[in-house]
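> Heads up: the protein sequence lines correspond to chains A and B, in order. Counting from 1, one number per residue, gives the positions in the first sequence under my numbering. Counting from 1, one number per residue, gives the positions in the second sequence under my numbering.
Simulated from the structure, these hints should not be mistaken for lab results. Bear in mind the structure is a predicted one, so any value in this text is a computation, not a measurement. Keep in mind that a hint or two might mislead.
25 angstroms max Cα-Cα, derived PhoX-like pairs, lysine-lysine [said to hold, decoys possible]:
#, chain 1, residue 1, chain 2, residue 2
1, B, Lys-119, A, Lys-27
2, B, Lys-119, B, Lys-292
3, B, Lys-561, B, Lys-575
4, B, Lys-138, B, Lys-150
5, A, Lys-27, B, Lys-575
6, B, Lys-521, A, Lys-27
7, B, Lys-404, B, Lys-383
8, B, Lys-432, B, Lys-368
9, B, Lys-695, B, Lys-610
The lines below spell out each chain.
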Amino acid sequence: MNTAGPVILLVEDDRNDVFFVRRAFQKAAVSTVLHVASDGQEAMDYIAGHGRFADRNQFPRPSLVLLDLKMPHVDGFELLEWLQSQPGFNHLPRIVLTSSPIDRDRQRAEELGATRYLVKPPTPEMVAELILLLNAVPTAA
Amino acid sequence: MKTVTPLETSAFRPDEEARLGKEEEVRLAVSGGPTAKVYQRDAFLIETVGAFFKQAFETDTRTTTNRLIPDRAALSHLQTVIDNSTAVIYMKDAEGRYLLVNRNFENTVGLSRQQIIGKTDYLIFPDADARHYREHDKRVLKTGKPIEVKETVAQADGPHTYVSVKFPLKDAEGTVYAQAGISTDITDPTHFTESRRLLAAIVESSEDAIISKDLNGTITSWNTAAEGIYGYSADEIVGKPVTVLIPSDRQHEEPEILARIRAGERISHFETVRRRKDGSEVNVSLSISPVKGEKGKIVGASKIARDITKRKRLELQQQTLYELAINLNRASALPEIYEAALEAICRCQGTSRAAILLYEPGGTMRFKAWRHLSEEYRESAEKLLEVHPAESWLQPTCVSDVAKAWWDERVRTIVMREQIRAVALLPIIYEKRSLGRFTVYYDTPHNFNDEELRTAQTITSMVAFAIERHERLAELREAVLQMEEFSYSLSHDLRAPIRAMSGYAQVLMEESAHKMDETTKEHLGRIVQGGQRADRLIQDTLTYSHVSRREIRLHPVSLEKLTREIIQQQDASVKSSQAQVAIESPLLPVIGNESSLTQAVSNLLNNAIKFVAPGTTPQVRLRTELRGNNVRLWIQDNGIGVKPEYQHRLFGMFERIEGKRDSEDTGIGLAIVRRAVERMRGAVGVESDGVNGSKFWIELPATKNV
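Just chain A, same shape as in the assembly (with noise of 0.2 angstroms):
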């Protein structure tokens, strides 16, 4: 367990949004840890700790993701199928956080196994409803 707080991994190709999350998380004032895969392939690499993110020291499990549903190569859709697919990661939530308010996008991540839909953009008090969330969940770590 890393002592800077749980591991969240960020799925974003926006390097704004990046910054927002960041900054939203800093203004909620809680110790975490925020890695970034910039889209869903990226993303999945890091999750079963292949290639670059073989060491697990360096890049630790996440104990939620949040990730963004329009993403080049590998959108956020695909990511969370892929998940639901890995047998390991059952109690790991994932969180959408997307630019898209309709009804149709909720319902298939919802559908694709998503925690939570949250529509950009971030803000303090969505952090804090993802560290209630975390500390609701078994850690699998």
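Since the structure of chain A is already known, use the hints to place chain B on it.
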């Protein structure tokens, strides 16, 4: 003047010739004085009958009621005498009930005396005639004097005219207690020969078959039209059983018909199928009536048969076109359109073979759907069409006999090998453009008439329209889908830079405010607000268009559960505003769509919490009420309200509650509510005086088991 004694009359026999004698003044013995002008023969009878009546009455002088109680012996004599008269003789009481009739009366009306005695004319003759006779009777009863009138009686062989002498019967005091009548048939016998000739002419010139048969079902007469419809001449068929006209699967009909005829029933417009001499079938409408003999006994039946083949065909065409219209409307794919069209054309044209060919890109025609055509034929035909492309004619072409057509021998060979002897080629045209053609095939030579071509062309144009509509619809769907994708990407990609802009401005405000003067801070604040507003606008527009277009299914929804879930989800905003939300349980269930309803209710709830005067704690109450078959959900707040003059604009796109402008409120929220509710076939509204809060409502169908 003759007088006859009862004894003499027993030997009386009416004149064989039944000729009418000279007119003669007669004194009616019975009535004690009055005279009438009657025919000689009748005068004699009147005297006789009168004498009997008188005698019969006088034997009953003991009665004081003045009712006739006839002396049996006298009556028996009288009956013998009058039965032998060719005149119609009868006696009725003051109420018009028959007391006595002679045999000729029985024969004339076709009833036995047991059936007649005690009855009035109304039960024996048609009402109009009975009324007429009764008027005459009343005159006699009223005046106490005999009258002579002409009366007409409808008889089996037509109307007969009678001269009737009707006279009163009086008792000793001169009171009329009954009346009698003697009616002589004065109808000219030649009238019947004439009318028979006329009748025969009518029967012969009728377009309907008029046939008569006896009660065994043997044909006894046969008119020209019958020959036309059934193909048998009168010589061939008269004397044969009527069953030769009945197809084997309908033989059971004849015993049923005969049974009904024997019972005196008339059969009207019985639609059935009969068999012609050549074995083909013909649709007929039959009207069959019993025919009565001279004594009123049923001796056979007259049958009128109308050829309704044409009407049946028109009915079939109409029904087929009607069904085709429905099927084309329902069709969701091209094969369904083709199938409906082939079914319709085969039914209307009375064939089992047809095909639809359409032009493909590049201009060649291909079989798209067919009935009873071999693969070999289709291949050969398509090859031919490639080599000799069909000119894009816009008129139908019919070949009534392929064997005689002016065709290329190779084409003829291919067509004849497929056992096709006649063919109709109907261009499928939409807006003067030929889409392909509809082909109808016959195994035997076929003469095409205008009427069937018209029907075929109607079917073809319906099909053209359906095909074209289907293709346009597919294009439209594709375009809508692309548009949706486009607007989705656009709003998604548009949101990012706007969010970045207002986000970074926010960061500046928060972190570098100490380095700025008030004006700069204000300007920065406007950038943040502007960005947030643009972002909300995009989000709401996206939601609105999605709510408008997406497919929704309606099913029972628990408002109670749904509302509680929304409140739980909005916990943060409810808490931050310290709003008090009260639900009057239970909220009644409705028929709706969970997701659309969530959208609508959460928007209304948000508004209720948001639009309060500064310093006021928002108080929201939710309750339902049953209104007829609907449930109305009320969301009542203590907010700023909506003035009545603005309420009609409230649910429009980009309309905002007056006086309140903040970045959160885009003016689309209530438009989304309205769209969502309307898509669920519900209604939405507001009640407010503009001061004491608002009562928004959503009305949706109630579930059945409320």
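> Provide an ascending list of the numbers of those earlier hints which the structure does not satisfy.
1
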